[in-house]
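Asker: Residues per chain, in single letters:
There are 2 protein chains.
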Amino acid sequence: MATVSDPTNFSRDRTYVVSLVVHPDRTVTFRFVAPDAGEVQLHGLSSSARGTFIDPPKRMSQTDDGVWEITVGPVTPNIYRYNFLVDGAAVNDPNNSEVSQNERTLGNFVEVPGDSPVIYEIVDVPHGNVTMRWYMSSTLGVTRRVFVYTPPGYQDSDDRYPVLYLLHGTGGSEANWTVEGRANFILDNLIADGAALPMVVVMPYGRAYPQISRESGSIGFRENIELFEGDLLNSVIPEIEGNYRVLNDRDNRAIAGLSGGGGQSLAIGLGNLEVFGWIAGFSAAIRESEFDRVYGARLSGAPAPNLLWVGCGDLDHLYDVNRALLKWLEGKGVDHIAHLTGGGHDFQNWRPYLHDVAQRLFRPAAR
Amino acid sequence: MATVSDPTNFSRDRTYVVSLVVHPDRTVTFRFVAPDAGEVQLHGLSSSARGTFIDPPKRMSQTDDGVWEITVGPVTPNIYRYNFLVDGAAVNDPNNSEVSQNERTLGNFVEVPGDSPVIYEIVDVPHGNVTMRWYMSSTLGVTRRVFVYTPPGYQDSDDRYPVLYLLHGTGGSEANWTVEGRANFILDNLIADGAALPMVVVMPYGRAYPQISRESGSIGFRENIELFEGDLLNSVIPEIEGNYRVLNDRDNRAIAGLSGGGGQSLAIGLGNLEVFGWIAGFSAAIRESEFDRVYGARLSGAPAPNLLWVGCGDLDHLYDVNRALLKWLEGKGVDHIAHLTGGGHDFQNWRPYLHDVAQRLFRPAAR
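So the sequence lines, in the order shown, correspond to chains Y and E. Yeah, the first sequence ends on 465 if you go by this note's numbering, and it's all consecutive. Yeah, the second sequence ends on 465 if you go by this note's numbering, and it's all consecutive.
Take these hints with a grain of salt, some might be off.
What the hints assert, rightly or not - Covered stretches of chain Y (in silico footprint by chain E; criterion: 3 or more residues with CB under 8 Å from a CB of chain E, positions within the stretch not fixed):
#	stretch
1	132-144
2	178-189
3	217-228
4	231-241
As the list claims (entries may be wrong) - Pair ranges (Cβ atoms, derived):
#	chain 1	residue 1	chain 2	residue 2	range
5	E	D257	Y	T439	48 to 56 Å
6	E	R258	Y	V221	28 to 36 Å
7	Y	E196	E	G340	24 to 32 Å
8	Y	P122	E	K425	49 to 57 Å
9	E	D257	Y	D454	36 to 44 Å
Keep in mind the hints are simulated off the structure, nothing from the lab. Virtual Cβ for every residue (Gly too), placed ideally from N, Cα, C.
So that you can see chain Y by itself, here it is in the shape it has in the complex:
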């Protein structure tokens, strides 16, 4: 495998290799051009050993033309993050354009398909659309972008739909749930099977930037949550309800999120039970010291949620605090669903969590 001239002509002297290649037997070949490097390693990025396909990092072999190469696997079907270590420096695969665009970082990923379609695969069913909208945030004083999934049939219908507000994690962006989370394909597949009700899914950017800097820590922290709550309630929701055929009562609004966005979902959802009737936290970034103050005061006197769903994996660094939340909810006598699983703090868990929650949402029987 020699290098190939860059067909884009954007550079006068750039070459590229074909990386990655997923073979029919589920082995995967990665390549990287570095003629003068002493060592290049393939590095599986994950929150836990279970979330990766290669641990620890493995040395690649130098072939002709300075190309480093490795074939690994067979790999269990899933979507995995990876990068390369070039003499120890962490770099992306410049020849794989499948990337998650986060606030500050890029994450390459590789998808290994299964024999039968998995929950997030693109199959020949009707597909919804994902629209990028730009809106002026009155709370934050800047133009922000939001992703909006509309289900199959939305354009041809006069129906009004329920809405799920779906939040990314700290360090992530409004693109994550589409690009890496495959929320749109998960919903397409569930709706095609009759397993979820058609719904609109709204994916905003969860950091209250520029008031909160991108280096200031978890988006599940108090100061960010309060500013983001203003953006969500005063700008995002009116923008959606003014421009889409959606239902606008608590029984038809849900909020869910992962990690820092899970902390946001629980705080904003439980804090606004007249706005949101369905609430879910996936590996939620929460603090036990805040349970009474943040959730306790708000749960009393407000209408009970139709769904309060708390999920976490046993290899997640937030497992203990989520178990503490479940215990606290039991102590308060608050109805909820505990969804404790294996696995860590990654989309290998969050895609199935969305798949579970989406099937429960907006069911009349649960109201």
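Take the given structure of chain Y and dock chain E to it, following the hints.
Answerer: Just chain E now, kept in the frame of chain Y:
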């Protein structure tokens, strides 16, 4: 500037630095973590020396914690591509998530803003949306993605709009014109000024993949053009005209593209003058040996285009062949607009080209 722990927690041991920083005086600081590298360089990627802010590549300095750093400029306001060379290996900036996602490659870019808003900047005017749609291509037998810009006011209106089909270049993707080309913001700004008519802009993927492999060369080559033409005419246009309020006659359909997509626009546009009334090539990848066969036969007997626009820069490797096309059009007595400029084969030219063409499209006086 020390390294910062990765707030995403997607890796147990990853750190990042803040790169890049555009300062108020238009100098720009880049950083990269590589404790054990012998040399890290900042590399301006461009088709010509004029299209970059740094040429040749410049050595960065190693600071604390193994972080390499460089500050360059002041830089002339524009959007530039760059990467790093780590002991000679070309790598992306892993801490800048502004990237162009091409077929096989990722391109980082840096935007240096001007004193007054430039044609592609996000300012507080009404914004259109960009929707990602998935459709089944009957020609290619796979589900493909297309980006669709709808102008401000589209959702609140019953009007029908004209449509521009806007094509990317070889090696690129359906995302390029939005992410790097800023087509949506260019249109928003022109429409807000009353300088362009509101229009829908459709940005399909121009390689006839999987029939044409991603390594098989220019998308402006014959075999790819013919298959893509089938996808465009038989799947993309019916998908758009069946799902959007658009006008569906030649006076309200335009086709334009850059590089390989410019070659496609000229061949498909001139080959289907009953479908497209407005045609533009930006740095079009074309072959002089094909002018008579591809364009000549089709121009005779068909209705004349309302607009035939040919633009190229004098540092572009396709300048001579585009000048030859202009000479050939003169020889045939075909009305056209020659838009010869400075500059090379890059978005620094293609953004202004779109800005020029969009103002000319769909004007009744030109029909």
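Asker: With reference to the structure, classify each hint as holding or not holding.
Answerer: Now the hints, each set against the structure:
Using a Cβ-Cβ cut-off of 8 Å, 6 residues of the stretch 132-144 of chain Y lie near chain E, which meets the minimum of three, so the contact claim holds. Closer than 8 Å: that is the beta-carbon criterion, and the stretch 178-189 of chain Y has 8 residues meeting it against chain E, so the requirement of 3 holds. Note: the stretch 217-228 of chain Y has 5 residues with beta-carbon separation from chain E under 8 Å; the three-residue rule is met and the coverage holds. For the stretch 231-241 of chain Y, the stated coverage by chain E is satisfied: 5 residues place a CB nearer than 8 Å to a CB of that chain, which reaches the threshold of 3.
Take D257(E) and T439(Y): their Cβ atoms lie about 50 Å apart, and the range 48 to 56 Å holds. For the pair R258(E) and V221(Y), the supplied restraint of 28 to 36 Å holds, since their beta-carbon distance comes to about 33 Å. A hinted range of 24 to 32 Å holds for the C-beta pair E196(Y) and G340(E), which are about 30 Å apart. Look at P122(Y) against K425(E): about 51 Å separates their beta carbons, and that is inside 49 to 57 Å.
For the pair D257(E) and D454(Y), the beta carbons lie near 43 Å from each other, so the given range of 36 to 44 Å is met.
Hint check: no violations occur; every hint is consistent with the structure.
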